[in-house]
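**Student:** Here is how the chains run, residue by residue.
Protein chains: 2
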Amino acid sequence: MQKTPQHEPEFIRKVPDGDSMERDVCATCGFVDYKNPKIVVGSVVTWGEKILLCKRAIEPRIGYWTLPAGYLELHETAEDGAAREAREEACADIEIERLLAVYSIPRISQVQLMFRAKLKHPDIATGPESEAVGLYDWADIPWADLAFPSVGWALRHYFETKDRSDFAPFSNPVDGL
Amino acid sequence: MQKTPQHEPEFIRKVPDGDSMERDVCATCGFVDYKNPKIVVGSVVTWGEKILLCKRAIEPRIGYWTLPAGYLELHETAEDGAAREAREEACADIEIERLLAVYSIPRISQVQLMFRAKLKHPDIATGPESEAVGLYDWADIPWADLAFPSVGWALRHYFETKDRSDFAPFSNPVDGL
Ligand SMILES: [Zn+2]
Ligand SMILES: [Zn+2]
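First to last, the sequence lines map onto chains L and X. The first sequence begins at -14 in our numbering and counts up by one. The second sequence begins at -14 in our numbering and counts up by one.
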């Protein structure tokens, strides 16, 4: 992995060797300023028929409800990242079942990998990024107060397939981009 | 998205606001040097029973066989990225069917989204990154000359499920990390 330049970079636009697109390349040291899409990992976590939701204590969308999810870190598998996010945001100990959906949010260059998971035990608690956490019946989900569109997509996709194990993962709903 | 600093950065280790891990943060301008895992998108592309393979014209693993795959670009959906890679590497016009597998390669901080796809027509040709492209019967796949372990995983996972449409996407084989 390239090191961020330790000097004032002098960027020029050029196609790096072996690449096919113009990038910002430092004329002094050759550093290529690749801007990559980011990977978000998260999960729809259940305990029996109830679904784990977290009320955001941080911006963006502070005070709105979300699923445990966040950026994948370096040197982490997608599954480990989703489990870490559940631990950080809801002190939840989860077991990943399978991939539920892959949502692409090209406007913000984000790909979201959403898993289906189960709580290993029902003990949950607020982490530093949550002002509340709860286990919700389907009928009680606060649809009007969800933090992001993809939270609603993942919940609906979960519900549609909750009694099945074999299905193709969902991508964005047709009306979703 | 943050702009790369236009001056000599003075990095200090600290936990940025709203974050939970130490990062390199520029003491002068606040730039956070996030290092993110990268997303590779690719596909197992078929024409009838034959599978599209590309012989690499570039490092790493020049001269070895691979599936059309590469880094997802900014502002691209995962599916569009996989189709672009097939176009760039094999001049192939493909239709994505579904997600076949998500492989995590934590050692190099990579997540690979591998799709199952069909050629729309059998016209293929070498692109700038390929020294040869071909449509291979299963029995003729050059197993000993595949470029990367995950190429073999995707081929085997494809073959295992080629007559099914409903299945959970694969992740790394248990012996694969
Ligand atoms: Zn430089
Ligand atoms: Zn700075």
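Rather than coming from a laboratory, the hints here were simulated on the basis of the structure. Incorrect hints may have been included.
What the hints assert, rightly or not - No farther apart than 20 angstroms at their CA atoms in a straight line, the calculated lysine to aspartate or glutamate pairs in the DMTMM-like style are these: (1) L:K103 with L:D78; (2) X:K35 with X:E(-5); (3) X:K(-12) with L:D9; (4) X:K105 with X:E73; (5) L:K20 with X:E82; (6) L:K(-1) with X:E73; (7) L:K147 with X:E34; (8) L:K20 with X:D78; (9) X:K(-12) with L:D108; (10) X:K23 with L:D18; (11) L:K(-12) with X:E(-5); (12) X:K23 with L:E61; (13) L:K20 with L:E34; (14) L:K35 with L:D125; (15) X:K(-12) with L:D78; (16) L:K23 with X:D2; (17) X:K23 with L:D125; (18) L:K147 with L:E116; (19) L:K35 with L:D108; (20) L:K105 with L:E58; (21) L:K35 with L:E(-7); (22) L:K23 with X:E(-5); (23) X:K20 with L:D122; (24) X:K(-1) with L:E73; (25) L:K40 with X:E73.
**Student:** Evaluate each hint against the coordinates.
**Tutor:** Hint by hint, here is what the structure shows:
1. A threshold of 20 angstroms between alpha carbons decides the hint, and for K103 (chain L) with D78 (chain L) the separation of about 9 angstroms falls inside it, so the pair holds.
2. Annotation: proposed proximity of K35 (chain X) to E(-5) (chain X) is violated, straight-line Cα distance about 54 angstroms (limit 20 angstroms).
3. Proximity of K(-12) (chain X) to D9 (chain L) is assessed by CA-CA distance (about 11 angstroms); at most 20 angstroms being required, the pair is judged to hold.
4. At most 20 angstroms may separate the alpha-carbon atoms for a hinted pair to count; K105 (chain X) and E73 (chain X) meet this at roughly 15 angstroms.
5. This hinted pair does not check out: K20 (chain L) and E82 (chain X) have alpha carbons roughly 28 angstroms apart, beyond 20 angstroms.
6. A distance of roughly 19 angstroms separates the Cα atoms of K(-1) (chain L) and E73 (chain X); the hinted pair therefore holds under the 20 angstroms criterion.
7. Our distance criterion of 20 angstroms between C-alpha atoms is broken by K147 (chain L) and E34 (chain X), whose separation comes to about 33 angstroms.
8. For the hint linking K20 (chain L) to D78 (chain X), the alpha-carbon distance of about 26 angstroms lies beyond 20 angstroms, and the restraint is violated.
9. Restraint check for K(-12) (chain X) and D108 (chain L): not satisfied, since their Cα atoms lie roughly 41 angstroms apart, outside the 20 angstroms limit.
10. Of the pairs offered as hints, the one joining K23 (chain X) and D18 (chain L) holds, with about 14 angstroms between alpha carbons and a cut-off of 20 angstroms not exceeded.
11. At roughly 14 angstroms between alpha-carbon atoms, K(-12) (chain L) and E(-5) (chain X) fall within 20 angstroms of each other, so this suggested pair holds.
12. Our distance criterion of 20 angstroms between C-alpha atoms is met by K23 (chain X) and E61 (chain L), whose separation comes to about 11 angstroms.
13. With a C-alpha separation of about 41 angstroms, the suggested pair K20 (chain L) and E34 (chain L) falls outside the 20 angstroms cut-off, and the hint is violated.
14. With a CA separation close to 10 angstroms, the supplied pair K35 (chain L) and D125 (chain L) stays within the 20 angstroms bound.
15. Taking the CA atoms of K(-12) (chain X) and D78 (chain L), the gap is about 37 angstroms. The hint is violated against a cut of 20 angstroms.
16. At most 20 angstroms may separate the alpha-carbon atoms for a hinted pair to count; K23 (chain L) and D2 (chain X) meet this at roughly 19 angstroms.
17. Straight-line distance between C-alpha atoms of K23 (chain X) and D125 (chain L) comes to about 37 angstroms, which puts the hinted pair past the 20 angstroms bound.
18. For the hint pairing K147 (chain L) with E116 (chain L), the CA-to-CA distance comes to about 28 angstroms; that exceeds 20 angstroms, so the pair is violated.
19. Proximity of K35 (chain L) to D108 (chain L) is assessed by CA-CA distance (about 13 angstroms); at most 20 angstroms being required, the pair is judged to hold.
20. Taking the CA atoms of K105 (chain L) and E58 (chain L), the gap is near 23 angstroms; set against the 20 angstroms cutoff, the hint is violated.
21. Only pairs whose Cα atoms come within 20 angstroms are accepted, and K35 (chain L) paired with E(-7) (chain L) is rejected, the gap being roughly 53 angstroms.
22. Taken as a hint, the K23 (chain L) and E(-5) (chain X) pair is broken in the structure, with Cα atoms around 25 angstroms apart against an allowance of 20 angstroms.
23. Proposed proximity of K20 (chain X) and D122 (chain L) is contradicted: the alpha carbons are some 38 angstroms apart, above 20 angstroms.
24. For the suggested pair K(-1) (chain X) and E73 (chain L), the alpha carbons sit about 19 angstroms apart, so the restraint of at most 20 angstroms is met.
25. Note on K40 (chain L) and E73 (chain X): the hinted pairing is violated, with a Cα-Cα distance of about 44 angstroms set against a maximum of 20 angstroms.
Hint violations for this structure: numbers 2, 5, 7, 8, 9, 13, 15, 17, 18, 20, 21, 22, 23 and 25, all remaining hints satisfied.
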